[in-house]
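Novice: Since the structure of chain A is already known, use the hints to place chain B on it.
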Amino acid sequence: MGHLHFLTWPEIILHVIAFRLWPVWLSLAIVMGLSYRYKKRLGLYGQLYDTGIGVVGIFILGFWFFCAVFSHYVSPFNPLGQIAVMRNALPGAIEPQSGHAYLFGGDRLARDVFSRMIDGSRIVLLIAPLATLVALTVGVTLGLPAGYFGRKTDSVLSFLANLVLAFPVILLFYLLVSPEIVQTGLPRITAGVFFAFPVILGALAFWTRYSGRPVLLAIQLAIVLIITYWLYSTFVFYTDPLHLIEVTPSTLNIFVAVVFASSPGVFRIVRGLVMDIKTRDYVAAAQTRGENPWYIMIWEVLPNARGPLIVDACLRIGYTTILLGTLGFFGLGMPPESPDWGTSIKDGSELLRIYIHPALPPAIALMSFVLGLNLLADALREQSLKD
Amino acid sequence: MISFILRRLGVMVLTMLCLTVVVFYLVNLEPNLKKLALSETNSRATPEQVESWLVRYGYREPFFERYGQWIGVWPKHSAHDENGKPIQRYTYCNSSLKPQISGILEGDFGCSTKFRTTVAKKLFPALGATAILMFWVMVCMVPSALIIGILAGMREGSRTDRTLSVISIASTATPEYVSGVIFTVIFAAWLGWFNGSAASATFQGITFYNFTLPVITLAIYGMGYIARMTRASMVEVMTAQYIRTARLKGLSFSGVVIKHALRNALIAPFTVIMLQFPWLLTGVVVVEIMFRYQGFGYILVSAAGNNDIDLLLGCSLVSVFIVLITQLISDIGYAFLNPRIRVQ
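Protein chains in written order, with this note's numbering: chain A, 1 to 387; chain B, 1001 to 1344.
Bound-form chain A, shown alone (with noise of 0.2 Å):
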């Protein structure tokens, strides 16, 4: 490698920072900025900024969703581009033919780290939030009737969740992520069945409130049911009429492991928190003006569990980040080639007594993006107890 040059350290720092980062920093300060200006006015979210906690969970996660957002632009080089030349190259090393540097260094495939790893932020952050937005209504679908009719209904559903929850993750994994599977057909059926959850939930929230008015209420299960032909065609089908995202058969057995191993966890807590709301008074009241059970249930009673819900979804994503890089850790699912921090972790890990600085950039990222979600829950946690 005697021909290549290398940045200094203090130009490397200068070049990630100014050079490849500045759009993040751009909309990171005005998002904050603005943020901070008018935080009287934003509620909750407006209420983080009082916490230090809050803020630094704020920008260690804006941070990566504006890397997300402008990855093409931040990360020189393509993720997947093998340049032979820069195998293993130190950070720093500068690729001749476009004069850009590695700034990271380059992977045992010749590929620039760094961008990797801005890389793969586009797909935790894509997969998580929505896995773990699935979860939840499969959770607090299912939750629901479970804590609030109590006897058999409960002692049914509980233990089916038990069922899910007595296994190991990485099992659960081994045994549902595999190209067998994928082959079987087993994924298209179950995701067929998750995204069932949300459409109940939705139709039966609206039906519920506004079958009084029936001209709104068949504007809103319209809205629901386009919005029930985009996930069904896109996700179960693989043929997205918008080509907003794509997914593959492997992408989705992922999604569909990660749903299958979260919901019971929410499903318990949501469970819980209905046999606590359920012997208020207003909850008598609606029972008493003979309200129908799922109107009490998705109105009255789930509007009051947002608080610990909305913190459960917040250490949920990294919780679900850390099963995605169990994954990629295993290579169960992801595309061998994947600039996701789970393989990129794996595949630094192999060569970690030779070279470290392909396995520390990745290792790192996903450990600032976990800690981000589990500062932001804690200051959400602190500002809830507050009211």
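Rather than coming from a laboratory, the hints here were simulated on the basis of the structure.
Note that the coordinates shown come from a computational prediction; the quantities given were computed from them, not determined experimentally.
Just so you know, even glycine gets a beta-carbon here, dropped at the ideal spot from N, CA and C.
Treat the hints with care, since some could be wrong.
Computed footprint of chain B on chain A; a stretch qualifies when at least three of its residues, placed anywhere within it, have a C-beta under 8 Å from a C-beta of chain B [unchecked claim]:
| no. | segment |
| --- | --- |
| 1 | 317-326 |
| 2 | 337-348 |
| 3 | 352-366 |
| 4 | 372-385 |
Every beta carbon over 10 Å from chain B, so not counted as near; a handful from chain A, in silico [claimed, not checked]:
| no. | residue |
| --- | --- |
| 5 | Leu4 |
| 6 | Thr8 |
| 7 | Ile13 |
| 8 | Ser27 |
| 9 | Gln82 |
| 10 | Asn88 |
| 11 | Pro145 |
| 12 | Thr190 |
| 13 | Leu231 |
| 14 | Asp276 |
| 15 | Asn304 |
Specialist: Okay, now just chain B, sitting in the frame of chain A:
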């Protein structure tokens, strides 16, 4: 109390049955069986040969019959060669030629096609190795987590509390595969204090040099969670009336904490510690792969990676059993420790 334990045991057995059926189904999916047939005959076998092998080796018997054979309530038959003459199913396991009931309940875990030996011979030494790892992890994790939690929860909102809370949040944000990389870089590559691989621990015995990194890597992720639970429980206890009474009657702060608060504050963390085992199981797999330690996780990964059906079933059974038994112990222990819920 007895009826409570019996009821819990009943639910546990039912859960075991359901889970093993699911695992048995998932492990014996059609593509897996085909792959097994191909690797056991030769990789250029025609579909007809594959099918005939599957029939002759009993993989085409009805699902629940095969499940019954695996559990050990239904007689297992031997395999047949092309002429219908009985042959041993797997010669390296010395399986019987006569039909006999031999399954999990009889202590027969089946035959590992990857390691060419019985599952029991491979699985139990590996479990032993993992138990050693788990033991040291618990020795490191539990006391440090409890101390951090108690120190943080003792004076809520103090500077110590905030610092320790951020530390425990950071530790819960660091999964094993991240902390493993970071620790290896710092302690093995940079400082050279410890060995970045525990491969030597499997055969030459564990030493401080080769075993420290796997242990602290595993301990750090679970530590934060237990510490936060302990803190929450401690904070709750410290605001209780009897603590204030004890303080007002003139007892020293440390005396109150040690004599009065600790005993009640440690009930909740006990449950959490027991429930950490299933979490640790995933961590064990990560750490054993990362540091090349041949324990349970290593066996699980090689079973799954090599389509070794019986070994994977054995691993699943063990891990599900560990999860359920720790849940049971945590429930019983909680009822035992906390007099308030002992009534039912």
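Novice: For each hint, tell me whether it holds in the structure or not.
Specialist: Do the hints match the structure? See the list:
By the rule of at least three residues with a Cβ nearer than 8 Å to a Cβ of chain B, the coverage given for the segment 317-326 of chain A holds, with 4 such residues. Only residues whose beta carbon comes within less than 8 Å of a beta carbon in chain B count, and the segment 337-348 of chain A has 4; three or more means the coverage holds. Check result for the segment 352-366 of chain A against chain B: holds, 8 residues qualifying (beta carbon to beta carbon below 8 Å, three or more required). With 4 residues carrying a beta carbon less than 8 Å from a beta carbon of chain B, the segment 372-385 of chain A meets the three-residue requirement, and the given coverage holds.
Once the 10 Å rule is applied to beta carbons, Leu4/A is consistent with being away from chain B; the minimum gap is 22 Å. Non-interface call for Thr8/A relative to chain B: holds, since the shortest CB-CB distance, roughly 20 Å, exceeds 10 Å. For Ile13/A, the non-interface assignment is confirmed: its Cβ lies about 19 Å from the closest Cβ of chain B, beyond the 10 Å cut-off. Distance check for Ser27/A against chain B: the nearest CB is about 24 Å away, which clears 10 Å, and the non-interface claim stands.
Residue placement check: Gln82/A keeps its beta carbon more than 10 Å from all beta carbons of chain B (closest about 23 Å). With 10 Å as the threshold on Cβ separation, the claim that Asn88/A sits away from chain B holds: the shortest Cβ distance comes to roughly 15 Å. With a cut of 10 Å on Cβ distances, Pro145/A stays outside the contact zone with chain B, its closest approach being about 21 Å. For Thr190/A, the requirement that its beta carbon stay farther than 10 Å from each beta carbon of chain B is met, with the minimum near 12 Å.
Every beta carbon of chain B lies more than 10 Å from that of Leu231/A, the smallest distance being close to 26 Å; the non-interface claim holds. Non-interface call for Asp276/A relative to chain B: holds, since the shortest CB-CB distance, roughly 16 Å, exceeds 10 Å. A cut-off of 10 Å between C-beta atoms confirms that Asn304/A is not in contact with chain B; the least separation is 22 Å.
In this structure, every one of the numbered hints holds.
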